[in-house]
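Peer 1: Can you make the complete structure from the sequences, with help from the hints?
Protein sequence lines correspond, in order, to chains U and B. Just so we're aligned, residue 136 is where the first sequence starts under the working numbering, counting upward by one. Just so we're aligned, residue 510 is where the second sequence starts under the working numbering, counting upward by one.
Be aware that a few hints might be false.
Not everything, but these chain B residues come out facing chain U in the computed CB check (under 8 Å) [what the hints assert, rightly or not]:
no., residue
1, ALA568
2, ASP594
3, ARG595
4, ARG597
5, PHE608
6, VAL611
7, LEU622
8, PRO623
9, ALA627
10, PHE729
11, VAL733
12, SER734
13, PRO741
Hints are computed from structural coordinates only; laboratory data are not their basis. Built from N, CA and C at the ideal position, the CB exists for glycine as well.
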Amino acid sequence: MTLTRLAFKSLLSRGFTVGLTVFAIALSVALFLGVEKLRTGARASFADTISSTDLIMGARSGSVQLLLYSVFRIGNATNNVSWESYEDLTGRPEVDWAVPISLGDSHRQFRVMGTTRAYFDRYKYRGGRSLEFAAGGEFADLFDAVVGADVADTLGYAVGDPIVVAHGLASFTEHDDLPFRISGVLEKTGTPVDRTVLVGLGAIEAIHVDWQGGGRKSGPATPAEMLREMDLEPAAITAAMIGVKSRLQVFKLQRAINEYPEEPLLAILPGLALQELWEIVGVAETALTGVSAMVVVTALLGMAAMILSGLNERRREMAILRAVGAGPMTIASLLMTEAMAMAAAGAVLGIALLFGGLLLLRPWLDAAYGLYLPVTGLTPRDLGVLAIVVAAAAAVSLVPAARAYRMSLADGMMIKF
Amino acid sequence: MTPVTSHGTDALRLKSVRFTWPGGRFGLDVNEFSIAAGETVFLYGPSGSGKSTLLSLIAGIASVDAGEVSLQGQVLSGLRAAMRDRIRAERTGVIFQMFNLVPYLTPLENILLPLRFAPERRKRCEDPQAAALTLTRTLSLPDPMVQQAPASTLSVGQQQRVAIARAMIGHPPLIIADEPTSALDSDARADFMHLLFDQVARSGAALLMVSHDRGLAENFDRVVSLSDIARPIRGDTA
Numbered sequence: 136m137t138l139t140r141l142a143f144k145s146l147l148s149r150g151f152t153v154g155l156t157v158f159a160i161a162l163s164v165a166l167f168l169g170v171e172k173l174r175t176g177a178r179a180s181f182a183d184t185i186s187s188t189d190l191i192m193g194a195r196s197g198s199v200q201l202l203l204y205s206v207f208r209i210g211n212a213t214n215n216v217s218w219e220s221y222e223d224l225t226g227r228p229e230v231d232w233a234v235p236i237s238l239g240d241s242h243r244q245f246r247v248m249g250t251t252r253a254y255f256d257r258y259k260y261r262g263g264r265s266l267e268f269a270a271g272g273e274f275a276d277l278f279d280a281v282v283g284a285d286v287a288d289t290l291g292y293a294v295g296d297p298i299v300v301a302h303g304l305a306s307f308t309e310h311d312d313l314p315f316r317i318s319g320v321l322e323k324t325g326t327p328v329d330r331t332v333l334v335g336l337g338a339i340e341a342i343h344v345d346w347q348g349g350g351r352k353s354g355p356a357t358p359a360e361m362l363r364e365m366d367l368e369p370a371a372i373t374a375a376m377i378g379v380k381s382r383l384q385v386f387k388l389q390r391a392i393n394e395y396p397e398e399p400l401l402a403i404l405p406g407l408a409l410q411e412l413w414e415i416v417g418v419a420e421t422a423l424t425g426v427s428a429m430v431v432v433t434a435l436l437g438m439a440a441m442i443l444s445g446l447n448e449r450r451r452e453m454a455i456l457r458a459v460g461a462g463p464m465t466i467a468s469l470l471m472t473e474a475m476a477m478a479a480a481g482a483v484l485g486i487a488l489l490f491g492g493l494l495l496l497r498p499w500l501d502a503a504y505g506l507y508l509p510v511t512g513l514t515p516r517d518l519g520v521l522a523i524v525v526a527a528a529a530a531v532s533l534v535p536a537a538r539a540y541r542m543s544l545a546d547g548m549m550i551k552f
Numbered sequence: 510m511t512p513v514t515s516h517g518t519d520a521l522r523l524k525s526v527r528f529t530w531p532g533g534r535f536g537l538d539v540n541e542f543s544i545a546a547g548e549t550v551f552l553y554g555p556s557g558s559g560k561s562t563l564l565s566l567i568a569g570i571a572s573v574d575a576g577e578v579s580l581q582g583q584v585l586s587g588l589r590a591a592m593r594d595r596i597r598a599e600r601t602g603v604i605f606q607m608f609n610l611v612p613y614l615t616p617l618e619n620i621l622l623p624l625r626f627a628p629e630r631r632k633r634c635e636d637p638q639a640a641a642l643t644l645t646r647t648l649s650l651p652d653p654m655v656q657q658a659p660a661s662t663l664s665v666g667q668q669q670r671v672a673i674a675r676a677m678i679g680h681p682p683l684i685i686a687d688e689p690t691s692a693l694d695s696d697a698r699a700d701f702m703h704l705l706f707d708q709v710a711r712s713g714a715a716l717l718m719v720s721h722d723r724g725l726a727e728n729f730d731r732v733v734s735l736s737d738i739a740r741p742i743r744g745d746t747a
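Peer 2: What follows is the structure in structure tokens.
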């Protein structure tokens, strides 16, 4: 009868209490690893918001600000980029492609973004995935609009529905004289595109033809037919996504844009700016990890308390072991073995819970939150966590073990009641 | 282990022993007490007379302050606690009043338990399981019960018989029985004593039985009153 077997049988005999303790540890481990998975998943999803774009160009401001309004549609541009500068810079030999974007109008609570058809080919997310249409297709007419999945969902839109774009954000002035028609609805991406109404760059110009400053010009509106005939080259855009021919040229082009003499401009590397932004958001992630680590600690302390409270009723058992020749050290290591066995069982069960939960919840998380959690095998980090849980169990079990040591030293083989 | 052979024939020997529990409230003074190999000794003493203390010293749970305790010639005094634990495992079998068994183990596992701590006793059993079953059969314990039932489901009488088997396995030279019958009714008591004597005779072990019940003293080679061999130390006389 080895000590391990003795510990195992002893645990089995207290099945219910031990089971609860193991389950508590399992839940805490599942929570901790789950938070880890969510954290890395959220970070990856976040970093995957935009990919395959080498540079984002906008008016000079902060890089995080430019990223926020151009990619996340949060906040506003301080300034525009003139169409001349855009043409001039994207005409440089390093540039492979460029997609202009124009922001500033809204539809209900969603932003309207003017862009070109190239956007549907060039905008990539989650490691190179392209936008796909759930229904309909790209804009064919000047007054065609493509809506993101959340827009269609929230407002109940389908292909062919008319929509009216409001001037500015949270505005009561609507471009109701020129309604758009929905030509396509995009698949869910988990990116800000889901919450965007996309229209042609020319359309943004067209609806502003009769506007001056913040208000509508007096007099009759220009009819839509006429607008379709007009040359609607924009005077300015908000930002542009740029791809270079060779990655080596990214920094050269970035410098050229940042030092552009005609206009104060800024070019950012989206990956780098995303990282910068994540560091701001990342404080919450550290807090989350801290909280879930505390849950693990709580579960382990609960286990120590459970062992400790059971010691008195096990005095008899300890005295018997002492009588047949066990030393107080053996008794102490029996208790530690039990603690480590419970922690190990809890950790293994926790992993099972985690993977079971992931497999169940993953499709829903992806669909509802665009949070894509890859189910990978155990990472070295996961295994490290498990090792730490078992080691921590050994550490906290030192308290009851030390108490059992002292008790069995004092009691000896005489059972006292 | 290197046995000191000066008193090699005695299963147990105490000489000029003086011991006080930490705190100094109670202790024991034993001038001279020994049990020869194979001898059965009934040690009579009312409760509170120092029986537990004496047994702790004999078993090496407590270590004497002065004097000498030896088991089959092996001197315990002055040895490290771990060494004394090992000697206890090798050279004694202990039977308590009640609650002798680890409740979550089967009787068989309980019987084999001392062998885990006593490799020499294990060596003496060619096949420990078979040896254990031979013992339990002579103690009229059915095999399925011994092999499968959790110890906690046995009656007190059955538990005490399992305790005999555990004490006897691997033939330790000294069996210590501490009030082993006080939880039994008179029929079971007679049965138990009969079985205990039978087993001790078979293995040739010495028996030290401690009890306050003089009615059990017949059949022992020697009856000793604790007050004749030991003087309790009380209070601050320590």
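Peer 1: Tell me, which hint numbers fail for this structure?
Peer 2: Those not satisfied are hints 10, 11, 12, 13.
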